[in-house]
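> Note that the protein sequences, when read in sequence, are chains A and B. Throughout the first sequence, residue numbering follows my numbering, covering 5 to 286 in sequence. Throughout the second sequence, residue numbering follows my numbering, covering 131 to 286 in sequence.
Since the hints were derived computationally from the structure, they do not count as laboratory data. Given the structure is predicted, the values throughout are model-derived calculations rather than measurements. Where a beta carbon is used, it is the ideal one built from N, C-alpha and C, also for glycine. Among the hints, erroneous ones may be present.
[Claimed, not checked] Taking lysine-lysine pairs in the DSS-like style, the calculated list, with each CA pair at most 25 Å apart, reads: (1) Lys202/A - Lys112/A; (2) Lys106/A - Lys202/A; (3) Lys202/A - Lys186/A; (4) Lys184/A - Lys264/B; (5) Lys168/B - Lys81/A; (6) Lys223/B - Lys211/B; (7) Lys112/A - Lys219/A; (8) Lys106/A - Lys168/B; (9) Lys106/A - Lys184/A; (10) Lys184/A - Lys202/A; (11) Lys81/A - Lys153/B; (12) Lys264/B - Lys112/A; (13) Lys33/A - Lys106/A; (14) Lys106/A - Lys169/B; (15) Lys81/A - Lys169/B; (16) Lys219/A - Lys186/A; (17) Lys112/A - Lys168/B; (18) Lys112/A - Lys184/A; (19) Lys153/B - Lys106/A; (20) Lys169/B - Lys190/B; (21) Lys153/B - Lys168/B.
[As the list claims (entries may be wrong)] What the simulated footprint calls covered on chain A by chain B, stretch by stretch (three residues with Cβ under 8 Å from a Cβ of chain B suffice, anywhere in the stretch; the number is not a length): (22) 184 to 192; (23) 250 to 258.
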Amino acid sequence: MANSHEVVETAQTASEYVQHHLGFLTYGKHADGTWGFAHSTEEAAEMGFWAINVDSMMISVLLGVLFLGLFRFCISKATSGTPGGLQNFLEIIVEMVQTNVKNTFFGKNDLIGPLALTIFCWIFLMNTMDLIPVDVIPMFAQWVAGDPHLYFKAVPTTDLNITAGFAIGVFILIIFYSIKVKGLGGFLGEFAFHPFGKWAIPLNLLLELPGFFAKFVSLALRLYGNFFAGEVIFLVIGLVGYWQLPMHFGWSVFHILVVTLQAYLFMMLTIVYMNQAHQTTH
Amino acid sequence: MNLNATIIGQLIAFAVFVMFCMKYVWPPITAILEERQKKIAEGLEAAERAQRDLNLAQNKAADELRAAKQQGAELIEQANKRANQIIDEAKDKARVEGQRLIAAAQAEIEMETQRAREALRAQVAAIAVAGAEKILGHAIDQAANEELMNKLAAEL
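Same shape as in the complex, but just chain A (with noise of 0.2 Å):
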């Protein structure tokens, strides 16, 4: 570690070092035309929309496997009965998302507990990422590449697409369950008529329409800002040298309680959401 981090020393300055790890794994369309992966992060924004970071997926794919794998082995041998430790510890999880659901929730919808587990622990694993050393996955995917100058980025909740991602698919659930629920009049009468009556539609308008993106960009951007900035945290402690591995143990201790909390913090926000588009009395 101490070795490597010399060279990166001598070979990039401290803000080179920084934005290299902040790029992305970009595979997309080139300027001239050809298909590949971005070599700088220029590059990668030149590839417009239709580009895609395979770092972000593959690690939130595999993460999203491992969670739902780690279940499907547990339950495969689940008992009724004395339940094991691996058992006993998913069981908890479920039970705290159980618990959550039925507190907030006042609705009857069968899709809320499997939608706030998998939002609990996948962002939870995401988020996990980060309590490992910034250069370990990145220099483990260098090598597998055999490319030192490789982007890798190992934590998904870092990448605003990942985030954004989840908050759309909460925020298309939200409209459907509205729409479903309220009718597309009840639904679209939320913004129109409320708080001030018929005759102040576009003062309503324009005090419900914000609120309601609010949304949007409190599960997307709160939960992409913690951990960027956490990233760059420890982007800029993987710097000091030695003295890097009390402050790296320090705010690493300090994340454990970030990871948990955001992703309790996504999960109940959905759950909210989701109870709010289920009330039909405002």
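Assemble chain B onto chain A, guided by the hints.
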């Protein structure tokens, strides 16, 4: 930071994972949890029932013990009474027997005395005659003093 198709990829992955979770993860786990809750509730109920049965049995046992003690005490009392009765009877019998023995002995003594007195009376006459003979130096005519002798003997 640029948004790109990753957002769509993540959205699809999210949808797939949530559906998988909803179909294959959530139902079995909640079923297991419910089953365990039911089992625990049943177990607690059974324990409560057993406790109630135990209390009943303990009460019954205590009652029976008390009854047995009472019965035992009664038996002992009865036995004591019977024993006293037997002792009293024995005492009475012994007293009666003793008195009978005493009476028999007294009767015998009486008879013996009578007999001795008869014998003595028979001999006194002879002794008196012999004494008088010695005093007088010769034989007294027995026939002449018969009456006198008998009178003497009767006075003894």
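> Would you mind marking each hint as holding or not holding in the structure?
We went through each hint and held it up to the structure:
1. Lys202/A - Lys112/A: Cα-Cα ~31 Å, so violated.
2. Lys106/A - Lys202/A: Since the Cα atoms of Lys106/A and Lys202/A sit roughly 35 Å apart, the hinted pair is violated (cutoff 25 Å).
3. Lys202/A - Lys186/A: Given pair Lys202/A, Lys186/A holds - Cα atoms ~18 Å apart, limit 25 Å.
4. Lys184/A - Lys264/B: Violated - the C-alpha atoms of Lys264/B and Lys184/A are around 172 Å apart, more than 25 Å.
5. Lys168/B - Lys81/A: Given that 25 Å is the threshold and the Cα spacing comes to 20 Å, the pair holds.
6. Lys223/B - Lys211/B: holds, 18 Å
7. Lys112/A - Lys219/A: holds, 22 Å
8. Lys106/A - Lys168/B: holds, 19 Å
9. Lys106/A - Lys184/A: holds, 21 Å
10. Lys184/A - Lys202/A: The hint holds at about 23 Å.
11. Lys81/A - Lys153/B: Distance ~17 Å between Lys81/A and Lys153/B Cα, so the pair holds.
12. Lys264/B - Lys112/A: violated, 160 Å
13. Lys33/A - Lys106/A: violated, 47 Å
14. Lys106/A - Lys169/B: With a Cα-Cα distance of about 22 Å, the restraint between Lys106/A and Lys169/B holds, given a limit of 25 Å.
15. Lys81/A - Lys169/B: holds, 18 Å
16. Lys219/A - Lys186/A: Cα-Cα ~19 Å, so holds.
17. Lys112/A - Lys168/B: Within the cut-off at roughly 22 Å; holds.
18. Lys112/A - Lys184/A: Measuring from Cα to Cα gives roughly 13 Å; hence the hint holds.
19. Lys153/B - Lys106/A: holds, 20 Å
20. Lys169/B - Lys190/B: violated, 31 Å
21. Lys153/B - Lys168/B: holds, 23 Å
22. 184 to 192: violated (count 0)
23. 250 to 258: The restraint on the region 250 to 258 of chain A is violated, since only 0 of its residues have a Cβ under 8 Å from chain B and three are required.
In this structure, the earlier hints numbered 1, 2, 4, 12, 13, 20, 22, 23 are contradicted, and the remaining ones agree with it.
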